Each structure stands twice: as structure tokens, then as C-alpha cells.
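One letter stands for each residue in the lines below.
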Amino acid sequence: MSREQDFDVLIAGGGNAGLCAAVAARREGASVLVLEAASKFYRGGNTRHTRNMRCAHDTATDTLSGPYTEEEFYDDLIRVTEGNTDEELARLMISESKEILTWIAEQGVRFQPSLAGTLSLGRTNSFFLGGGRGMLNALYATAEDLGVDIRYEAEVVAVDVQDGKFSSATCRKDGQDTAVPARSFVAACGGFESNFEWLKEGWGEIADNFLIRGTANNKGTVLKMLMNAGVKTIGDPTQCHAVAIDARAPKYDGGIITRLDCVVFGIVVNREAKRFYDEGEDIWPKRYAVWGRLVAQQPGQIAYIIFDAPSLERFMPSLYPPISAPTVRRLAEELELDPDVLDRTVSEFNAAVQPGTFDSTILDDCRTEGLSPEKTHWAQKIEEAPFYAYPVRPGITFTYLCAKVDREARIVMENGAPSANMFAAGEMMAGNVLGKGYAGGMGMTIGSVFGRIAGREAARLTPGNAGARSAAE
Amino acid sequence: MNVVTPNPGSPVLTDPLDEAERLMTVCNSCRYCEGLCAVFPAMELRRDFPKGDLNYLANLCHACGGCYVDCQFSPPHEFEVNVPKVMATVRADSYATYAWPSALAPLFKRNGLMVSLIAAISVTIFILGFVGWHDPGVLWAVHTGPGAFYKLMPHNTMALIFGIVFLYAILAAVLSLRNFWQDIGNPIGSFAEPISWWQAVKDAGSLRYLDGGGVGCYGEDERPTDKRRLYHHFTFYGFLLCFAATSVATLYHYLLGLEAPYPWYDLPVVLGTLGGIGLIIGPIGLLAEKSKRDPAMTDQQKLGMDVAFLVMLLLTSVSGLLLLMLRETPAMGILLALHLGVVFALFFTMPYGKFMHGLYRFMALVRYAKEMPRD
Chain A
279 MSREQDFDVL IAGGGNAGLC AAVAARREGA SVLVLEAASK FYRGGNTRHT RNMRCAHDTA
339 TDTLSGPYTE EEFYDDLIRV TEGNTDEELA RLMISESKEI LTWIAEQGVR FQPSLAGTLS
399 LGRTNSFFLG GGRGMLNALY ATAEDLGVDI RYEAEVVAVD VQDGKFSSAT CRKDGQDTAV
459 PARSFVAACG GFESNFEWLK EGWGEIADNF LIRGTANNKG TVLKMLMNAG VKTIGDPTQC
519 HAVAIDARAP KYDGGIITRL DCVVFGIVVN REAKRFYDEG EDIWPKRYAV WGRLVAQQPG
579 QIAYIIFDAP SLERFMPSLY PPISAPTVRR LAEELELDPD VLDRTVSEFN AAVQPGTFDS
639 TILDDCRTEG LSPEKTHWAQ KIEEAPFYAY PVRPGITFTY LCAKVDREAR IVMENGAPSA
699 NMFAAGEMMA GNVLGKGYAG GMGMTIGSVF GRIAGREAAR LTPGNAGARS AAE
Chain B
273 MNVVTPNPGS PVLTDPLDEA ERLMTVCNSC RYCEGLCAVF PAMELRRDFP KGDLNYLANL
333 CHACGGCYVD CQFSPPHEFE VNVPKVMATV RADSYATYAW PSALAPLFKR NGLMVSLIAA
393 ISVTIFILGF VGWHDPGVLW AVHTGPGAFY KLMPHNTMAL IFGIVFLYAI LAAVLSLRNF
453 WQDIGNPIGS FAEPISWWQA VKDAGSLRYL DGGGVGCYGE DERPTDKRRL YHHFTFYGFL
513 LCFAATSVAT LYHYLLGLEA PYPWYDLPVV LGTLGGIGLI IGPIGLLAEK SKRDPAMTDQ
573 QKLGMDVAFL VMLLLTSVSG LLLLMLRETP AMGILLALHL GVVFALFFTM PYGKFMHGLY
633 RFMALVRYAK EMPRD
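Heads up: the protein sequence lines correspond to chains A and B, in order. What the first sequence shows, in our numbering, is residues 279 to 751, in sequence order. What the second sequence shows, in our numbering, is residues 273 to 647, in sequence order.
Hints may be right or wrong, so weigh each one.
Here are the simulated DMTMM-like cross-link-like pairs (lysine to aspartate or glutamate), alpha carbons at most 20 Å apart as the crow flies [to be verified]:
no., chain 1, residue 1, chain 2, residue 2
1, A, Lys-529, B, Glu-350
2, B, Lys-474, B, Asp-493
3, A, Lys-376, A, Asp-340
4, A, Lys-552, A, Glu-433
5, A, Lys-318, B, Glu-492
6, A, Lys-529, B, Glu-352
7, B, Lys-564, B, Asp-455
8, B, Lys-499, B, Glu-561
9, A, Lys-659, A, Asp-684
10, B, Lys-323, B, Asp-498
11, A, Lys-659, A, Asp-514
12, A, Lys-510, A, Asp-618
13, B, Lys-562, B, Asp-498
14, B, Lys-564, B, Asp-498
15, A, Lys-318, B, Asp-455
16, A, Lys-318, B, Glu-350
17, A, Lys-552, A, Glu-626
18, A, Lys-318, B, Asp-566
19, A, Lys-318, B, Glu-352
20, B, Lys-562, B, Asp-455
21, A, Lys-318, B, Glu-561
22, A, Lys-552, A, Asp-441
No lab work stands behind these hints, which were simulated from the structure alone. None of the values given here were measured: they were computed from a predicted structure.
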């Protein structure tokens, strides 16, 4: 096996976290190599599909409509995770997030005010101009200008770790394996959501019917290597963030445009043409993450959102047109459902709808009575042709299992001791902060904050570097 | 269930308008690019995209390339979202669609060749005209002092010929724009709305939407620069200065009775010289940027039209400046024929070439200002 020159910092993964680590380490004077498994076009993993980051700020800015204090951020985090977080790391992330807004802009990333459709996040979240790929382009340009080495289609296939100390990784590029020694290692290469064999360990065979919303490269191989090397993990190994997305989406990388948020406007039936859950339970975004799991529990892991003509233009258009038919029975035929059953499901639903005033922005008083399950809000009769349907499947966004880290983004070993020279950032350690649930933009905040910390700390292990110190310290 | 992937996720459609409709459907379900330019906010006001609206959006697109470079679904992604390229095709096709008279719309096909031919014929006719009018010796003689040009061609003849072709160009352009304005969903009565016009003047004059949302536009890679905007400013304002030079000279002639050529420090010459310099730097810069641009986001088949227009502008400025420098030598006659021939061809081909992009884009910006909330 050939051998690469020595680098101070080796980074696995070229997404937001990896690039922030690379830029931060390089700015501290370290030599940095980034190994990105994807091609140049697909570089950056799930960052490509993101759009904003959630950072605390004390005042409104050009691109943020009002203040979002650290306390409010913390409250939101506690609410979405139901307390399933490491308080110390959560508070660190939130307090660092303030500075990240300026720091990331200094690295060339541009923000824009939130516009139509995203106004609800306009105060809390900073939107990247052009979205996540625009953000990546800016970070890559900055990293290249600083002299960071970047290799594409270069996958880490092995790591050499002894007693929690990293010495080298094996990089596979064009079928050639190369040893890449480095003084420190930053793992920033995502979770394992695109590894179906691993998903099946938690979900069983039904995982075959899941769609992956982002990159096909998040196979969790480095996470697995680290686990084998005695790294402590955190987060439920069986859990993932799943939303209901258009069933016609491609297996990977369908991204944002396959999402559907029209559950409230109609009913959702399974392959048996029967309803299975209260479509009016909660407002977005809370219901968003619930439905992926619900559909996963249905036969064939598929469901159909059924609505009628007046609702067609009430929600964000999606990539695929809805399937339409002049009658409910014909719609059932199009969907290959039992027409008698679907017709009965819709009729029973319509008969149970109570009078009320429809308002999709609040928990309104439109509900059913006498159904099982009831639809507790936004219940309106489905009676005006044409009738529409969207088929949906679970779309997996990310997994929760990850490496345990400390305040320096340093990986913690099974015995509780921090690794001498291994760090983790991004989805690789997001579960430390986000043990459950999700709130928009938080993944990117974790990536940038801990990426920057990891890069800075990793660079300090370089001899002769300002602030360098021994690993024993 | 039928889980066959329907239209929007399928590969590129052959008809450019169909493909543009597919892309707008895809983009409308994403909207990440809404901060980049005017196209996406305008798209968000719509759910369906009839042909007129697509032509409007295509002319609103300044081809900065920002959305291509920032798009997670651009090729090689299977959704093949390439907005700049498809908009370039639709835009160029729209010039032919709305051209007046429609009988001359075929001039947009192989436009580069057509413009070259018309320019060559025009220059030839001017040379032959100079020779035929007088004896061949006049062409190579040295003429100086006021009225020197008019020894080759009487001023009234010159004014008449250029007046006619200029008025024709205006008429054809206005009637073409009228077709466009109606097709993009504007009743003729809604034409006059000063505030929208003023907004469009500001947006067009600053090339507000050729900056990828503030970072610049994209040429060879994913690093933005502001060069195209700079060179376009040289070209556009150079053109305006040249136009002003001609207008001032016409006023000098008819109102003040002052005959060209004018001394170098006189207003028409100063304006013309500055404009001419702009029209040399600008087109050369734009041609250079064009040659470096990633071909993936341009319509290579429409390159001829773009290049022909830039070369015509360059020939106008070069021949004009040469005429200024050599007007007291025997080369003056042939240079005057060249300059007038090129300018005549430029005017004549204006309604049937790349020149129209500015007018359609301006009208699209008026439309945009009308339908969007004010800044």
C-alpha cells in the first residue's frame, strides 16, 4: 500500500462540519487533508440539501426578523428533544452559535432574508443564499484558497487506532488504497441512514421500503470503525428521523422537493384503503416528523393522502403532480386500492365531519365525531371532484446513533477517557445534543459549531503550533 | 399502484417550453434559489406555467448561472435541473415568436450568418454607392474641414437613409414588444404605470439581477465574479454614449448649422470617443467571458446570435474610432463606407438579433415590478 505525506489534520467527510473543521484547522496553521467520498458534484453529503441554520442572536439583522436569545433556543431544544440532550454540550452549542453567524459569513457564506413559505423561520433561522450547495461552494472556495487539500471520490475504508489514539487511515481512491498518516483525525462523515443493512438491524426487512432523502454515501462505515476501535456511542441505534415523502421519489437524494405537507387537508389511508391515524393531531412541523414513522408501520410501508379540489392549492406544490380522478372509486383504481373500501372510508369520514371554521394555521374547530381514529382538527368533507392523491413512503433524513464527544469535540472512549487525537463533528456526533426529535436548522448549527471546535482543537495537536500542547494534558 | 415516475422527475424534454415548464414545477417545490434573482420570486406567484409566462420568466432571467451552481438537482443529478440553459433557449426562441413582421422571424435562425451577410452586403453597397455616385477617385481622395464626409455622401441622403432604417427598427421593435407584452398576460391598457417603469429602469440600468443575489455571476466554475456585469456596463453605456453622440451631432447640424467632422474636443466627438472605447472594451470582455463560460449552462446553438451582435458593436466602435483617427488621410472614404455600412446593418438587424434581449428583458422587468410588492 502506498503512503500519503503526513498531514497534521485528516478530516473524513466534506460537508458543512468537515469544511468548518478544515477551515478552522488551516487558519490555526495546520496542514489539512479532507477526504470526500462523493464526486465533486455530490460533495458535501446532506449539507447539499439543507437550507438554513439556527443560531442565537440578540437583535434583528438584515436577514433575521428579530432576536432569538440563547434561553429561547435552549427552551426550543428541550421541547423538541423532550430533554433528551447533554445539557453542557447543548448550552455550549447555543452560546457558540452566536459567534458562528459572523464566523461562517467570514468564510464566504452568504445569507438572505427568508421569503415566501419560510416566514415562520425568519426570526430564528439564517437562510443560505442559494441553499446548502451555495453554502458548500463558498466553504470549498475558502478552504481551497487557504491551502486545504481536498480529494474527491476518496473514501476512508480503515482507521488505525490504538488505545484511543489515531495514527493513520486508509483511503480508497480509483480502487487504490493509500495509507494516510496524520497527527489528528476529525470524523465528519455523517450517520448511517443510507446503509440498508444497518437500518434493518433496527427496523427489520421493512427498511427496504424506505427512501433516503439525502446522500447515498452516509453508510456509517467510519462510525462502525470507530465503534470497533472502542469509541463510546450515544443515541438510540434503532432510531432515525423519518418524514412522509412522495413515494415516487428516487431512492437517494430526492431532497426537499419530495416532501409533502398536505396531510391536514384530507385523510390518509393505507394499502387497505383505511385510515390509521388522526390527520389533524398537530401543526407543522411537529406532525411532519410523525408521519414517516406512521407510514413505516403500515403494510408495504406506503400510504395515500386523499383530498379534493378545494385543497389543491392550499399547500406548497410538490415535485410530482397528484394523482387525480373524477370520482373516489376511480381514484382508488388509479391507486390500485379497493374501490369499495376507499369509497366507504371517504363516505364514513364525510358523514362524521362536524361544522366548523377552517383555518390551517391554528388548531381549528373542524373535527369529526364518531370515527376511529377521529380527525381532531381541519376535518372537511372530501366531496368536490376532481379527487386527488399523493402516495407517500417514509423518507429517512438522519440517524441518531453517534460518537460521544466532550466540549472540545473530542471523541470519548468506552472507558470514559477522551481520545488523544480523534474528534467528531456534524451528524457523526449530533445525537449528543439532539437525542430525539428535530427542529429546523439545528443540524447545520451542530455541524458548524462542532466542526469549528474540532478543527481548532485538532490543529492544537500540531507541534510548534500556537497553543499546541501535548495530548497527555 | 402505478409508481412510474411522472413528468417532473423525468429527463430533459425535447421541446424547450415543455422542459421549462417541467423545471419551473421542480423549482417551485424547492425555492432555495428565491434570493438569487427575480425569476424565482416571480415563479412563486404561479402554480401553472403557460407559454407566455415561461417566455416572461425566460426574459427575466439574466443568465447569471447562480441557480445552476447552487442547485442540488442540476446534472448529473437525475432531475437534470438546468435553468440557465433552458431559459437561454426559451428566451432566444421567444425573440422569433414575437418578431414583427412574423415573415422576418426566420432571421433568428442561423442568426450569426444572417447578420454577417446583411453587414457585408450593407458595407458593399455603401462602397459601391460612394464610387457610383462620384467617380472612383473621390473614395481615395483626401477630404478635410467641415462637410468633408458629405463630399462622399450628401448629408440629407445620409440622414434620410439612416432616419428610415432607424424608424423602421423602432417600429419593428415596438410591435414585437407589443406581441410579447400581450402574451405575458398584460392588457395593453396596463402599459403605462410610471412607478413600475422607473423600477425597471433602475433594475436594468444596474443589471441588478446579473449578480447571483449579490456575489456575482458564474463563468467557468462555482466561483462568482462580477466581470460580465462590468463588461456589459461598458457595452451598454458605451452604446448609449454613441447614440448620444449621434443625436447631438444631428442637433448641431440642423439647429446650429454646424457640419461634421467636429474637432476632437467637441461634444459629439467626446461622447462618441468615450462610447466607442466602451464599445471596444465591453464587447471584447463579453466575448472573452463567453468563451470561458461553462458550456453546460449556455445554449451553444444560440451562440451565433450573441457573437454576431457583439462583433457588430465592436465593428461599429472600431470603424468609428479609426474614422476619427484617419479622417484626414485617404483611408477616410473607405472607413466611412465601412462605418456607415456597419451602422446601417446594425440598425436594420436590431429587431432581428440579440439587441432585442435588452428590450424584452426591460419589459419583463416592468412586468416584474408591476406584480411584485415594492421594495
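We went through each hint and held it up to the structure:
1. At roughly 11 Å between alpha-carbon atoms, Lys-529 (chain A) and Glu-350 (chain B) fall within 20 Å of each other, so this suggested pair holds.
2. Distance check on the hinted pair: Lys-474 (chain B) and Asp-493 (chain B) sit about 29 Å apart at the alpha-carbon level, beyond 20 Å; violated.
3. For the given pair, Lys-376 (chain A) sits about 15 Å from Asp-340 (chain A) by alpha-carbon distance, which is consistent with the 20 Å threshold.
4. For the suggested pair Lys-552 (chain A) and Glu-433 (chain A), the alpha carbons sit about 46 Å apart, so the restraint of at most 20 Å is broken.
5. Our distance criterion of 20 Å between C-alpha atoms is met by Lys-318 (chain A) and Glu-492 (chain B), whose separation comes to about 15 Å.
6. Note on Lys-529 (chain A) and Glu-352 (chain B): the hinted pairing holds, with a Cα-Cα distance of about 16 Å set against a maximum of 20 Å.
7. At most 20 Å may separate the alpha-carbon atoms for a hinted pair to count; Lys-564 (chain B) and Asp-455 (chain B) exceed this at roughly 35 Å.
8. With a C-alpha separation of about 8 Å, the suggested pair Lys-499 (chain B) and Glu-561 (chain B) falls inside the 20 Å cut-off, and the hint holds.
9. A threshold of 20 Å between alpha carbons decides the hint, and for Lys-659 (chain A) with Asp-684 (chain A) the separation of about 53 Å lies outside it, so the pair is violated.
10. Between the alpha carbons of Lys-323 (chain B) and Asp-498 (chain B) the distance comes to roughly 32 Å, so the proposed pair goes past 20 Å and is violated.
11. For the hint linking Lys-659 (chain A) to Asp-514 (chain A), the alpha-carbon distance of about 40 Å lies beyond 20 Å, and the restraint is violated.
12. Annotation: proposed proximity of Lys-510 (chain A) to Asp-618 (chain A) is violated, straight-line Cα distance about 54 Å (limit 20 Å).
13. Taken as a hint, the Lys-562 (chain B) and Asp-498 (chain B) pair is honoured in the structure, with Cα atoms around 13 Å apart against an allowance of 20 Å.
14. Proposed proximity of Lys-564 (chain B) and Asp-498 (chain B) is supported: the alpha carbons are some 14 Å apart, at most 20 Å.
15. As the CA atoms of Lys-318 (chain A) and Asp-455 (chain B) are separated by approximately 41 Å, the hinted pair breaks the 20 Å bound.
16. At most 20 Å may separate the alpha-carbon atoms for a hinted pair to count; Lys-318 (chain A) and Glu-350 (chain B) meet this at roughly 16 Å.
17. Taking the CA atoms of Lys-552 (chain A) and Glu-626 (chain A), the gap is near 11 Å; set against the 20 Å cutoff, the hint holds.
18. Using a Cα cut-off of 20 Å, the hinted pair Lys-318 (chain A) and Asp-566 (chain B) holds, with the two alpha carbons roughly 15 Å apart.
19. With a C-alpha separation of about 16 Å, the suggested pair Lys-318 (chain A) and Glu-352 (chain B) falls inside the 20 Å cut-off, and the hint holds.
20. The straight-line distance between the Cα atoms of Lys-562 (chain B) and Asp-455 (chain B) is roughly 30 Å, outside the 20 Å bound, and the hint therefore fails.
21. Restraint check for Lys-318 (chain A) and Glu-561 (chain B): not satisfied, since their Cα atoms lie roughly 23 Å apart, outside the 20 Å limit.
22. A C-alpha spacing of about 55 Å is found between Lys-552 (chain A) and Asp-441 (chain A), which places the hinted pair above 20 Å, so the restraint is violated.
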